[in-house]
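Chemist: Sequence:
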Amino acid sequence: MRPLAAIAAVLTALLVVAPAALPQSTLKVERRVALEAAVVREMNRVRATHGLQPLRAAPSLRAAARGHSLSMLELGYFGHDSADGTAFSDRIKRHYSNRGWRTWSVGEALLASQGKALDATAIVAAWLASPPHRDIILSPTWRDAGIGALYAPTAPREYGDAETIVVTADFGMREGKTELALSQLP
Numbered sequence: 001m002r003p004l005a006a007i008a009a010v011l012t013a014l015l016v017v018a019p020a021a022l023p024q025s026t027l028k029v030e031r032r033v034a035l036e037a038a039v040v041r042e043m044n045r046v047r048a049t050h051g052l053q054p055l056r057a058a059p060s061l062r063a064a065a066r067g068h069s070l071s072m073l074e075l076g077y078f079g080h081d082s083a084d085g086t087a088f089s090d091r092i093k094r095h096y097s098n099r100g101w102r103t104w105s106v107g108e109a110l111l112a113s114q115g116k117a118l119d120a121t122a123i124v125a126a127w128l129a130s131p132p133h134r135d136i137i138l139s140p141t142w143r144d145a146g147i148g149a150l151y152a153p154t155a156p157r158e159y160g161d162a163e164t165i166v167v168t169a170d171f172g173m174r175e176g177k178t179e180l181a182l183s184q185l186p
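Each residue of the sequence shown is one higher than the last, beginning at 1 in the numbering used here.
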């Protein structure tokens with residue numbers, strides 16, 4: 001019985017030690033929660049001046065946006081598609097499902113800026129200065145939005161190990177609940 005106990009002890013030790021040996025990101029990343037809320041308020045202010053309905057803050061879109069901002073900072077890239085090539089709509093769908101809806105659509109705006117501070121007015125102004133992003137911000141299609149604003153003191157690769165803020169704005173619209181969606185209601 002002693003050899004079996006020794007094997008069990010070694011296996012237990014390996015199982016406890018092995019997860020700690022996996023590579024972990026050493027990048028320190030900070031969420032900018034106040035900035036996220038301020039960006040939604042600023043977009044809604046701009047949308048109101050154009051006679052558009054305000055966007056609702058959607059926790060599922062915020063989770064998708066934060067995850068994408070984090071991935072871009074950790075892996076040092078900038079783009080709508082995920083680092084593994086997953087299309088942005090498929091990435092967002094993991095959080096903001098189309099299941100149970102007849103109509104589903106998503107959009108996205110990104111911004112990266114070196115430095116430690118950035119305000120919501122500057123972010124939205126930058127998007128409005130870019131025709132494709134302006135079209136997204138001012139689209140009457142969107143009902144929901146989620147913002148992911150993250151800061152890293154030393155972001156790798158494409159960011160040149162500089163202080164960087166990355167902001168992802170994910171937009172969504174779901175309409176026409178199907179029988180499946182109605183059966184899932186409490």
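These are calculated hints, taken from the structure and not from any lab test. Some hints here could point you the wrong way.
[Stated by the list, open to error] BS3-like, lysine-lysine: derived pairs with alpha carbons at most 30 Å apart: (1) 177 with 116; (2) 93 with 28; (3) 177 with 93.
[What the hints assert, rightly or not] Estimated spans, in silico, between C-beta atoms of each pair: (4) 87 with 130: 33 to 41 Å; (5) 94 with 178: 17 to 25 Å; (6) 117 with 176: 20 to 28 Å; (7) 57 with 160: 13 to 21 Å; (8) 158 with 54: 17 to 25 Å; (9) 114 with 134: 21 to 29 Å; (10) 101 with 163: 36 to 44 Å; (11) 178 with 157: 24 to 32 Å; (12) 50 with 85: 32 to 40 Å; (13) 30 with 131: 28 to 36 Å; (14) 57 with 161: 27 to 35 Å; (15) 27 with 87: 20 to 28 Å; (16) 102 with 56: 32 to 40 Å; (17) 79 with 31: 36 to 44 Å.
The beta carbon of each residue, even a glycine, is placed where N, CA and C say it ideally should be.
Chemist: Would you pick out the hints that fail for this structure and give their numbers low to high?
Modeler: As far as the earlier hints go, 1, 4, 6, 7, 8, 11, 16, 17 are violated by this structure, in ascending order.
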